[in-house]
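Q: Protein chains in written order, with UniProt numbering: chain A, 1 to 298; chain B, 1 to 537.
If you're looking for bench data, these hints aren't it; they were derived computationally from the structure.
Hints may contain errors.
What the hints assert, rightly or not - Mimicking DSS-like on lysine-lysine, the simulated pairs with C-alpha atoms at most 27 Å apart in a straight line are:
1. LYS270(A) - LYS248(A)
2. LYS98(A) - LYS463(B)
3. LYS463(B) - LYS108(A)
4. LYS105(A) - LYS463(B)
5. LYS8(B) - LYS56(B)
6. LYS479(B) - LYS205(A)
7. LYS269(A) - LYS248(A)
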Amino acid sequence: MTSVPSKLYSDDVSLVVVLLDTNPFFWTASSSLPFSQFLSHVMAFVNSILLLNQLNQVVVIASGYNTCDYIYDSSSDASQLGPENGKMPSLYSNLLQKLEDFMIKDEKLGKEQSQRAIKSSLLSGSMSMALCYIQRVFRSGPFHPQPRILCLQGSPDGPEQYVAVMNAIFSAQRSMVPIDSCYVGAHNSAFLQQASYITGGVYVKPQHLDGLFQYLTTVFATDLHSRSFIQLPRPAGVDFRASCFCHKTTIDMGYICSVCLSIFCNHHKKCSTCGSVFGQAQSDTSSASDLKRKAPET
Amino acid sequence: MASGQVSKRVKFKSSVKDPGTPGRLFLTLERLMFKPNSPNSATKLNMEFRFVKNHKYTKEGSNKAPMLNLTSSQGVSYIFEFESYDDLHVCKECVGKALSKTGETPKPIDTSEVPSEQPSTEELLLRMNMLRENGELQKLHMRFVSDGILTEAEFWATRKKLLGGNFSKKSKQRTGLKSFVLSDTKPSTDGRTNKVTFTLTPEIVREVFAEKPAVHQAYLNLVPRKMSERDFWSKYCRAEYLHHAKNANAGAAAAAEAAEDEELALFLKPDDILASETRRKIRCVDPTLDMEADEGDDYTHLPDHGIVRDGSKEITESQHEHYRRTLSQELNRHAAVVLQGTPIDEEQLKDTQSVAEALKLSKQGQNASNEETDMNTNQDRLSRISKMIEIDDLQASSDLPLAPLSIKICDFESRIPRDYFDSQQATALKNSRDTSIGNDPVKRILSAEESYASLRDSISHVKTTGLINPIITPEAAVKVLSNHGLSFLDTLPNTSKEELLYHWTSLQELLRHYWSSYPITTAYLYTKVNDVILLSE
């Protein structure tokens, strides 16, 4: 990477961090899109990004049910030296091998932990890893590819990750990294909608999952510079509801700490985040008006 | 106004510094007239508008008094100071009309030339504003009017509605009465004798009638036949005076006097007409109104809000309860009358008799309509009550697993179509209901091990067979391509889209002028149509 002449890093060179949802509970339940087909589409897409520009760089992070990990990095030399069996390029076989290892690790970890109510994947973890990777690239020198994050998600949102995900979103916003998201699940994902909305990325929920590759290449393959010239799918609306800090449930009306803005679904004597002591509600009639409405804004 | 005559109270001045002569200004389309209030004043004016050369007026918002300055063709200026800017506006409009009319009439009506009509300054201002606010209109104006394809008048003729709409918006608000007039019936006493003098003007009488229907009724019944006008009003004032005297002695005296004089009693006893009207209004109140529900909205239960009330003091003043009630009723009545305004014109304010008659007429009309609405509201009430009655058997159980109602506060991007939100709302609801269940209850039976195994299977499947070939079938590709949900316009780049829309609006404008020139009766229209055809080609 350091050997590349720095002037070659023009504005259309991109670093794409792909967050791959490998939640087994989602994929076994998903009938419309088998995981193998999904993998084919994604790998072909990763390959096409690398072909778009010689300096393009792709990192794939798997977000599993119990853990997340890097499973592919086009810049590391080791990935180039896979066993070439004639059937498939080393890129694919490396990625698949790493993915299989990751699945075994994920399963092992799952035996030690209790199961969550909502079978969500660790989106917050993989987002943080992606941001860490991008920060390292930022600090490598003044010349680097333009980074962006692409979430390929299918699992439902885990409200218990709300704070972590929001923090990741805001740090991405601060470092001006757009988070694109392609959601293949049944309903829209509020987390990803908010992530793309806040960071200026694109949120797409494909209608025809067997054409996923086409969605990926037409919407997410273009570099950030070229995006200003094309008509990307517009955000049709964002679900802005928050999760409460106490029970991690998605609410549209709740209590907000006036000091630290923590959100609670019912009245507490003391803020569990910052320790502020709340006053007594005036009376039964007035407590109803203390409820701050946090409705989905759009 | 319908007859084209306007009359306003003004002060007539020969120069700005002049204190002025109070009087009335009458304006018609042909002439203006000034009549001073005091008949022996010499300053009178009666001139035709065709001698008026110029008119100026003070701008609203400036600190100066509202004044209208008319300059005659001899160079003499006549200054009128109005009581309010509203009066000034009315007169200004009238003068503008009159001047434009006199400007036109001298010429014989020419048949062939451009339909010229000098717009008033107000209309010009309105047009300027319209152009400033509406960018699209400005572009059209630039293109067609500034380039001389259409004349200013033609351009605006097709937009009369736009302008007219703005005009009517201004005058739509009903004007109420001046509140101070009503309290003006204060008696004036001369220091030496016990004589109390009331001064009543027709205007005050009008307010009295409006506020106290019983007095109005009594006046209609009694005045010409049973007693003279003067007697009637002195009785009324007497009653009023006794009523105002607060001490108990006077109250007793009033009661005693009322016992003797039945007409005086009329004024002192509670007003029946008012009471029945109040009952009618109470009947109009929504029967399902729940005042308790609103309790949380007021602040009076919070410290430092509302009037501090000390319960111990209130008990002793129970005899004042009646007084307090009537006082608040009177205040409310007064407020209602002030807000309602008056159906009587200034013209009819000549003497009390005509005021009474006019008020009676207008009230009759109101009553008729009231009765009609009464019938309707009664029906309404009944149906509403029947709707609101809760039948226990039919009540839904209250613990359905529904998400709480969420009210959308605003859609800050109004470009987003409304129906999207509704569908979004529905999915959000659905989502919140089944997130806890997971995706598919049947498939969820798979244990963690099984699902991991099946996932690993599919990975090894890809490993052995490679990527699916072709990755995407042509059919799927077409489906994706045709399902982007955008209209043709949306697929265009922004600049070409704007350009296209601009051409469309200008063509629309040209077409409008083209068809408005039919049938072609004059040479002017003929050339105009030809111009338009040339341009649109």
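Q: Hey, LYS479(B) versus LYS205(A), does the alpha-carbon distance stay inside 27 Å?
A: It holds: about 15 Å lies between the C-alpha atoms, which stays within 27 Å.
Q: Check the hint pairing LYS269(A) with LYS248(A) against an upper bound of 27 Å on the C-alpha distance.
A: holds (18 Å)
Q: Given the hinted pair LYS105(A) and LYS463(B), is their Cα-Cα distance within 27 Å?
A: holds (19 Å)
Q: Starting from LYS270(A), check that the Cα of LYS248(A) is at most 27 Å away, please.
A: Between LYS270(A) and LYS248(A) the Cα gap is close to 17 Å, so the pair holds against 27 Å.
Q: Regarding the pair LYS463(B) and LYS108(A), is the alpha-carbon distance no greater than 27 Å?
A: holds (22 Å)
Q: Within a Cα-Cα threshold of 27 Å, do LYS98(A) and LYS463(B) meet the stated pairing?
A: Cα-Cα ~12 Å, so holds.
Q: Are the Cα atoms of LYS8(B) and LYS56(B) separated by 27 Å or less?
A: Holds, because 17 Å separates the two Cα atoms, which is no more than 27 Å.
Consistency with the previously given hints is maintained throughout, with no hint failing.
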